[in-house]
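Here the protein sequences come in this chain order: A, B, C and D. Be aware that the first sequence starts at 1347, since it is given in our numbering, and climbs by one per residue. Be aware that the second sequence starts at 1347, since it is given in our numbering, and climbs by one per residue. Be aware that the third sequence starts at 1347, since it is given in our numbering, and climbs by one per residue. Be aware that the fourth sequence starts at 1347, since it is given in our numbering, and climbs by one per residue.
Just so you know, not all the hints are guaranteed correct.
Since the list can't tell identical chains apart, any single copy or any two copies may satisfy a pair.
[Unchecked claim] Subject to a maximum C-alpha distance of 20 Å in a straight line, what follows is the list of computed PhoX-like cross-link-like pairs (lysine-lysine):
(1) Lys1529 x Lys1352
(2) Lys1404 x Lys1352
(3) Lys1443 x Lys1433
(4) Lys1405 x Lys1484
(5) Lys1480 x Lys1428
(6) Lys1443 x Lys1404
Note that these hints are calculated values from the structure, not bench results.
If you want the building blocks of each chain, they are given just below.
4 protein chains.
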Amino acid sequence: MNKSRKPYQLVSKEWQADDTILEVNGSHIGGSNFTLIAGPCAVENREQLGAIANYLSKKGVHFLRGGAFKPRTSPYSFQGLKEEGLKLLREVGDRNKLNIVTEVMGTETIDLVAEYADVLQVGTRNMQNYPLLKGLGKIDKPILLKRGMSCTVEEWLLAAEYIMVGGNPRVILCERGIRTFNKATRNTMDLGSMALVKTLTHLPVFADPSQGTGIRELVLPMTKAAIAAGADGAIVEVHNQPEEALSDGDQSLYFDQFDRLISACESYCQLEGKQFQISNPTSKTIQQN
Amino acid sequence: MNKSRKPYQLVSKEWQADDTILEVNGSHIGGSNFTLIAGPCAVENREQLGAIANYLSKKGVHFLRGGAFKPRTSPYSFQGLKEEGLKLLREVGDRNKLNIVTEVMGTETIDLVAEYADVLQVGTRNMQNYPLLKGLGKIDKPILLKRGMSCTVEEWLLAAEYIMVGGNPRVILCERGIRTFNKATRNTMDLGSMALVKTLTHLPVFADPSQGTGIRELVLPMTKAAIAAGADGAIVEVHNQPEEALSDGDQSLYFDQFDRLISACESYCQLEGKQFQISNPTSKTIQQN
Amino acid sequence: MNKSRKPYQLVSKEWQADDTILEVNGSHIGGSNFTLIAGPCAVENREQLGAIANYLSKKGVHFLRGGAFKPRTSPYSFQGLKEEGLKLLREVGDRNKLNIVTEVMGTETIDLVAEYADVLQVGTRNMQNYPLLKGLGKIDKPILLKRGMSCTVEEWLLAAEYIMVGGNPRVILCERGIRTFNKATRNTMDLGSMALVKTLTHLPVFADPSQGTGIRELVLPMTKAAIAAGADGAIVEVHNQPEEALSDGDQSLYFDQFDRLISACESYCQLEGKQFQISNPTSKTIQQN
Amino acid sequence: MNKSRKPYQLVSKEWQADDTILEVNGSHIGGSNFTLIAGPCAVENREQLGAIANYLSKKGVHFLRGGAFKPRTSPYSFQGLKEEGLKLLREVGDRNKLNIVTEVMGTETIDLVAEYADVLQVGTRNMQNYPLLKGLGKIDKPILLKRGMSCTVEEWLLAAEYIMVGGNPRVILCERGIRTFNKATRNTMDLGSMALVKTLTHLPVFADPSQGTGIRELVLPMTKAAIAAGADGAIVEVHNQPEEALSDGDQSLYFDQFDRLISACESYCQLEGKQFQISNPTSKTIQQN
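Whole structure, please, built from the sequences with the hints as guidance.
Next comes the structure, spelled out in structure tokens:
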């Protein structure tokens, strides 16, 4: 650690001045790009996932999210479709030309998840699961590392450092809200720390306004706020039937809300000088806004 | 409380559907307007205040902030110039055609502060100072009510309700960051709650990115984020010599940083369809952005 | 501040090595004494207060608490009986030989409250109400200073320093729970910080297990824990009819629960070598325990 | 979940009214017993561990703690001796007739750790590592489940439920401090929630005053406070040379401090009617106290 007195090294701007830009099947993450990852909280069945993927594909989105292994507070809650869910993600993703982003919960399933996914997500409860981070340092797929809900900025960067020092430089950080006394929103979205992290690291930094607020109506303003504060991307929950969702229905967007979100992303990216990674930008929307 | 089951009434959208728009000497706050309040943390002396006010006036800003009565954690810290500071604010404000926003710390100084100020600010430590809120309900000047650093959204709205039920309907809410485990920023700016409050009340809602982050470099991104999330205004600390400031120098902008902030506010207000309350908008800046 | 590099001085053990011991009408607070303050959350009427005071007096308690000026979150909630409540406290206190502890909410009522009370309480929302602290520095009655719900240990000690530097050395600190993400209890009682403060100051430090937990059943274990952690006293809510209380009924003890609390205090004080300030200790209880 | 409307079942008092009492090689945990687990933060080498174990054995302690797999915030920090550490723990434990308590960090090491340990500890960062909890549901050794630093009481009980529903009923809960705005202590020890949990579950509930405070001098008062609040045991860090410790030296007790801790535990257990699980109680100490 000769380059800085900070406790982390590989993740720092002192180590690497240029922004890390990840390329995933032709789509770019980081640098001057803005990337949207969207989809349901959990993979529920072929019909649900197909409907959502088809919609997202038409909209030009490049990344489909969906949980196959779900970390649930209660052992009695739906735990995800597991490998069947991964297969559905792959099948539906391939059909709709969508990259797959899905959560890996433990070392025992890294290989399995990596077989199906394009980007592996580490959930907030696992940000300091060090065997998992070490395991992910050995694979060659990008890792979306959610901030632990009570983790400091330094702990977050050191978690990324674990992955990088293990050999995998392709890490995306994702602020998803922290746990505070405030219960009016599900979590307290900490865009100030996100903006701070952007000054400290060359890695791409995303925001998760769905988990960050837990309230469907706040996803649009907080996605715009995230872009304004410097986010390189956002991960957003969308569902064909939010009121029927097996989990997190209250924070999942309806399709028409997602339409407006895409439109807003276009305008905000233009203002921020970001390339919105989307296949069919509707330039008309930009002028209208 | 017959109109809703919420614990507050007068502040709610159910009670008044239209946004409250305050008029202060020809400048407008709330509704489709975006208003910038700027100035030093504390009034230090005539030269300092004059230099800052002159700069802000040239930039077209309408509101000058500056503390004359300062709530300081330590009794050994500079406590403000008190009445002398109020007089300086008025003198400098009048000379530069700037409205004065300054803090009132207790019932015993309400009349004094109201004599000099155009908008009276209630600080975060006083949000639940109920005698003060009741006293402010009896005056006819607008109140800028900062959110208590550990107060819920409901408590915040009820503090405004105290002022309104007392007879003063001119209340501006201001999110200034909450206190959490996170110490990478001075406070945790809670834009999610700010966006939520916008859905609950007709009152104008401001953001304070200076107190919210405590870091000069984050004031610009978080001001932009606040506009994107729906803020009706921002209160920003700026100083002619931040490194010499008697308090909060680290979060005070240099003039050239404030130049860029104004430019960004113009662009973001345009995108959000907001009227930026500034005297000489630089439309060139907008196109360049 | 030549004696230490800490930001506070008069409150520190470096300034005064011996514990401050306050004498209130023959009862002692601080040093090797343990003092119980008990009574209802709010003064409701003569019958209620008389019944509670009569019970406490028989039990040998020396201090009666009860709010006449109540800081309520909502302007529509019962705000206390105000001066009428103070008169009732004095009348009932005198009749039962109980010292009166009651809250003062602002500078405008300091003289009034000081006329009737033996100890003036500063509530959690006012811990950083500096005009109030300065005003209390000028009177000659003890001040019970509750910790602000989101205040650090240093801020708490500096609030006491405000009172002491103003001229009033008779300050009692009181930990009453802090605001955290945890909502299973009303507040999170921070006995670790209380124990820490005992190592930093010569002032008496109390605990408030009623506000600290908000749950009647936890008042006994947390009062015992407070003594074990070094508390010099406790302030406990007790009511003749908790289920009818106008405020905080859920955390108010029934008389028979308070009986057991006194008994436990006796045992724990004996173990800790503390003199329990109570008129008629029941030594039998100690042996039975 | 037919027995209650609470989200957990097997851990609840409604499901099992009698306290769970675990037997570990003749020592008892839970019910009317109080059990002390002590040792260094990390196993460093044979000399260190031997010296500490020899001391604890002489004092009559039954359980030796020590980390072989260490979850460290930085990848550059000492990560523990791993299997070599486990072997040392077993060797030293057998020689000194001490049961071994050590942390398991992932599913891939459950069998390995279970081969050497008598009680497997789940650290605060893994409380919601569900694959790990499920894996521990399948072994037949007791699990010491630390509360997650930002986890609610309900989430904590549900984590225990994961282990129990998986088939392992031998779970010990351990409060170790939560993460709050307060940084005067390392964590905020939440004895109020610990006392609350005792009313909800039949499982033994421990306290960790070392992690809970991070300050050596506060370990004694907070251990006493934990017993007073109903703890069934405590896990305490002790080191032969705290100032040389590879981790957590500031919160590790010196031997003479631990002597006083044992003495205090004896007195407090006697007062609470608890059987202190220690081989050679020094009744003299009790009378002296």
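Please flag the earlier hints that this structure goes against, numbers listed from lowest up. Structure breaks hints 2, 4.
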